[in-house]
Amino acid sequence: MSTIRIPSPRGAFRVWQRNVTIFRKYWMSSLFPNFIEPLLYLAALGLGLGAFIQQGGIDGQSYVQYIAPGLLASNAMFAASFESTFNTFVKLRFDRIYDAIITTPVNAEDVIAGEYLWAGTRSALYGTGFLAMLVVLGVAFGETLITSPWAFLIPPMLLVIGIMFSVMGTLFTSLIEHIDLFAYYFTLVVTPLFLFSGIFFPVENFPAPVPQVAWFTPLYHAVNVCRELATGPSLGVLVDVVWILVFTGALALIPVQIMRRRLIG
Amino acid sequence: MNTEMETSTGTVSGESTLVGRGLRKSYGDFEAVKGVDFQVSGGECFGFLGPNGAGKTTTMKMIYGAVIQTGGELEVAGLDVRDHEREIKRRIGVVPQEDNLDEELRVRENLLIYGRYYDLPRKVILRRADELLDFMQLSEKVDARVEQLSGGMKRRLLIARALINDPELVVLDEPTTGLDPQARHLVWDRLRALTAEGKTLVLTTHYMEEAARLCDRLVIMEGGLIIAGGTPKELVEEHVSPQVLEVRASPEDLEVLLPIVEDASDAVERTGEEAVLAYTADADALAERIRGSGVKLENTVYRQAGLEDVFLRLTGRSLIE
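These protein sequence lines map, in sequence, to chains A and B. Its first residue numbered 91, the first sequence is counted upward by one per residue in the working numbering. Its first residue numbered 2, the second sequence is counted upward by one per residue in the working numbering.
Simulated from the structure, these hints should not be mistaken for lab results. Where a beta carbon is used, it is the ideal one built from N, C-alpha and C, also for glycine. Just to be clear, a hint being listed does not mean it is correct.
[Claimed, not checked] Calculated lysine-lysine pairs in the DSS-like style (CA-CA distance at most 30 Å, straight line):
1) B/Lys155 to A/Lys115
2) B/Lys124 to B/Lys142
3) B/Lys155 to B/Lys124
4) B/Lys142 to B/Lys155
5) B/Lys142 to A/Lys115
6) A/Lys115 to B/Lys124
7) B/Lys35 to B/Lys234
[Said to hold, decoys possible] Quick look at which bits of chain B chain A covers, simulated, 3 or more residues with Cβ under 8 Å:
8) 103 to 111
9) 114 to 121
Using the sequences provided together with the hints, build the complete structure.
Right, dumping it as structure tokens:
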């Protein structure tokens, strides 16, 4: 009766393609806030707060150098989280876009997989823009923010990170009936991750169990990966990459099944 | 049943395109559809007539896979819907009850994006989109925003969208509900053009006029069951006398009149405190008897019996409440 549904890549691609078509119309207006936000953090915390913690910086980096790569990861988290919560909910409940799509050969499971892919794509697009800006800013202010050519791997990594947070966001979306409940997701999940995943200070210096708890959360590993790729990675980064892949793979099919049951009576 | 299938998208007239046997759907303790049987032939326009909550939409959704049946059999083009989800959806068109057009896309784009869901080649999509917009009389609105369209235009765009894959069977759930008479007539006209092309249409409605005008055959649903079926003419002939006299009078006068009317007509339905419907084969004779009684009538309407009367006779209720 309840067999596990595996999305078809073709159907998922069609849903991704729909989102691309619409994004191409509105990208200018939707890009701007996503771009400005990390820059505000960089200016306020990196330059403002950073001025008070200059001596020695963190791990031999200035404070602004320390937080810049982490903001790449959190930016991907925010982009994918908004996409998979508010945007997905509106398409599901208000615009009934998914109801229309699933009367075609594209199935409910393909729709959700397509949305994962799209959220990842959006994260990567914004992240690449922000990364380019970090490079330019580093040159402009004479304080290189991205120091390693390994940084070319950051955009594809942001795609994966975006998919991971899309899976998490879609899981929450698949369980709720009312759009107001997203406030809980952002306040209790997204914001704590943003603050305690090693973007602004090394979590390792906290007493137990904070570092141990952080290890089990997704943004911590995303920040590690981005920071290592920005500065030249150690082999340890592979642990973070594997963690992200395993976590994403383990969760990915759960929202697909729940959403299918919501779309098909 | 004849399971021999046509080879192309063309529909061979007379073959069963849609078959339901003992079809059931329940949600927990609530049984929305309680075991219905129907058989729709290729090229036919088949209607499900009934009031809201009769189980019409649930039946439609089972056909296009948005609701999974609890029991019974349901075959589209000879394929069991449970095992051939994608294949069936590829071959049918769906006009849902509520408008779910993509509001972020313009009129023509709605068709282009929808066509991609069927993996149609871009050239084919472009050609069909223009043909369909022309067919549904939307050519002047190709670049309009969906939100700027009137209710009737949105319905027509939904129908155009349902045709982008050149389906052999089109399922329409209340295609004209909420439309003004002009818009409704335009939709009827287009649907008749589709049947003339040989497409099979299955539609739900609670307008007996719609069912009578469009459907070759129809079933009447009520409370999850099919309570009657046939051609519109057969249904009227079988269940009601051909002529109806609507008699209105004060409740006291009606009491006096009722025995006379009951005696002189085949059937009587009391539709309110001050009104009765009398079914008869000879309305003149009935009118004569009523005049002879000397009771002062407020209003009498004489008309031909229709599907509304069939429904009223079968259930004691009117279709639209």
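Against the structure, the hints come out as follows:
Note on B/Lys155 and A/Lys115: the hinted pairing holds, with a Cα-Cα distance of about 22 Å set against a maximum of 30 Å. Among the hinted pairs, B/Lys124 with B/Lys142 is consistent with the structure: their alpha-carbon atoms are about 21 Å apart, no more than 30 Å. Pair hint B/Lys155 plus B/Lys124 holds up; C-alpha atoms about 25 Å apart against a cutoff of 30 Å. At most 30 Å may separate the alpha-carbon atoms for a hinted pair to count; B/Lys142 and B/Lys155 meet this at roughly 11 Å.
With a CA separation close to 19 Å, the supplied pair B/Lys142 and A/Lys115 stays within the 30 Å bound. A distance of roughly 22 Å separates the Cα atoms of A/Lys115 and B/Lys124; the hinted pair therefore holds under the 30 Å criterion. About 26 Å separates the Cα atoms of B/Lys35 and B/Lys234, which keeps this hinted pair within 30 Å; it holds. With a cut-off of 8 Å between beta carbons, the stretch 103 to 111 of chain B has 5 residues touching chain A; three or more are needed, and the interface restraint holds.
By the rule of at least three residues with a Cβ nearer than 8 Å to a Cβ of chain A, the coverage given for the stretch 114 to 121 of chain B holds, with 6 such residues.
Violated hints are absent here; each numbered hint is respected by the structure.
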